[in-house]
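Protein chains in written order, with our numbering: chain A, 1 to 381; chain B, 1001 to 1118.
Cβ pair distances, simulated, as ranges:
(1) A:Ala380 - B:Glu1039: 56 to 64 Å
(2) A:Gly262 - B:Ala1036: 39 to 47 Å
(3) B:Ala1095 - A:Pro57: 41 to 49 Å
If you're looking for bench data, these hints aren't it; they were derived computationally from the structure. Glycine included, C-beta positions come from ideal geometry on N, C-alpha and C.
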Amino acid sequence: MSWITGVGLTPFGRLDGRTTLDLMSDAASAASAALADAGLRRDEVDGLITGYSTTLPHLMLSTVFAEHFGLVPCYAHAIQLGGATGFATVMLAHELVAAGVLRHVLVVAGENRLTGQSRDAAIQTLAQVGHPRYEVPLGPTIPAYYALVASRYLHETGTAAADLAELAVLMRRHAALHPGAQFCEAIGVADVLASKPIAAPLRILDCCPVSDGGAAVVVSRDRTGGTGVRIIGCGQAHTHQHVSTAPSLTSFGTAAAAARAGLGTRVALADIRYAVVYDSFTITLAILLEELGLAPRGGAGALAREGHFSREGAMPLNTHGGLLSYGHCGVGGAMAHLVEVQLQMTGRAGSRQVRDASMALLHGDGGVLSSHVTLLLEQAR
Amino acid sequence: MTDWTAGTAAVAFQHCPACDAVWYFARGFCPHCGSASPETRVASGRGRIYAVTTVTRAPSPELRALAPYRIALVDMEEGFRAMMHAAPDLAIDDAVQVGFVRFGDLVIPRRHRLGDRA
Ligand SMILES: [Zn+2]
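Excised from the complex, chain A in its bound form (with noise of 0.2 Å):
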């Protein structure tokens, strides 16, 4: 058992003159707060885990963060899982804590992906997930490999673009509730079928932007404050990494990750109440929610319409307007839905808080669908 004794969020978007070094040391400055508050110092955080930064492609991504940010950890490491980063490095801070290694970890991502770079810089570093030899030559980009699952998802459910169009219209809604979202103006389902295409049938509002930020958590061995956050269970999935190997475009490593994180065992899909599910595009959540047993085959797009998924709904999801809104800077980017989720459970999340957020479901993937990372997260009073 670990719990998340502090977290730490920018804004996301364009944050001009920002490093990557300076968003994770603002988010972790925000995270290392909590901790000063609970009357403890800084250096007893004596594990140090980040994700890496693509406009700062360093070899120890971890200790240059470490020297930056004046830690000098016991332990000290840099994970590279593409988008399923922000959870895995959750999860290994988890692991070392409950193993007894480490006492306070601090988990930290930051990247200024937007303004540190050019677009095309951007969306070639990003297309690089493809095979080098049989794969990038052919020009694709990271929206044509999840537009080949869409293609096949939408083939097979016999739903429309118009339903996956949903979920961007639904994360919109939530982001205009956040200050730090990168994009709040309204949006209905007839703008994002009439926004530019990108790669068919996914279109720009089907896409998460680039962004700059930060994000951060501490993970204690032991609780701090009054309401806790307590992390019950984590599991991964690895099943492929290039699309044109996955064993199937229509069933992933979801429920495997899910499974082993004690999702229909430890805990049963009926106590989860809030969920968090990586939204990269539209037809990435519409294919975690449902194989996670949240939505039936083909129908996140139809519940999300129906508000399922709201913050008043039965099942609320990604109240802080996820990638798709909210914004995505890289590893940043998953560590901002759990940062939501540590303050729906202590009661902090202001005008977006849910009546219950008792038991929470978080779902990751990275590459192309073919990294998966689930975490249970529990509330304890």
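Could you slot chain B with the ligand onto chain A? The hints should help.
Just chain B with the ligand now, kept in the frame of chain A:
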């Protein structure tokens, strides 16, 4: 044996005589059983569209000049899946035959409907 990735107008794949596995990305061993003696074969070029997209936003200025272009995943009759370009009229489940076209500085495989000319 070379294929389109090395400038020859062919699609190659590998087969493992030890366990009968078939795969696309070339390597010196079988990823299923570990046998060190896979065979490389030239594919018939016949297959069926599994997934397809039209790329409008290309990743670089050079490719932007060639957009929009279509990218498909094709289930080949030999039992492997391959990414290729696709003719504009193709849809999921269409039976296709590979041809080769120039794409920037490369010659790449492109699918057309079975019976049509590349
Ligand atoms: Zn074999």
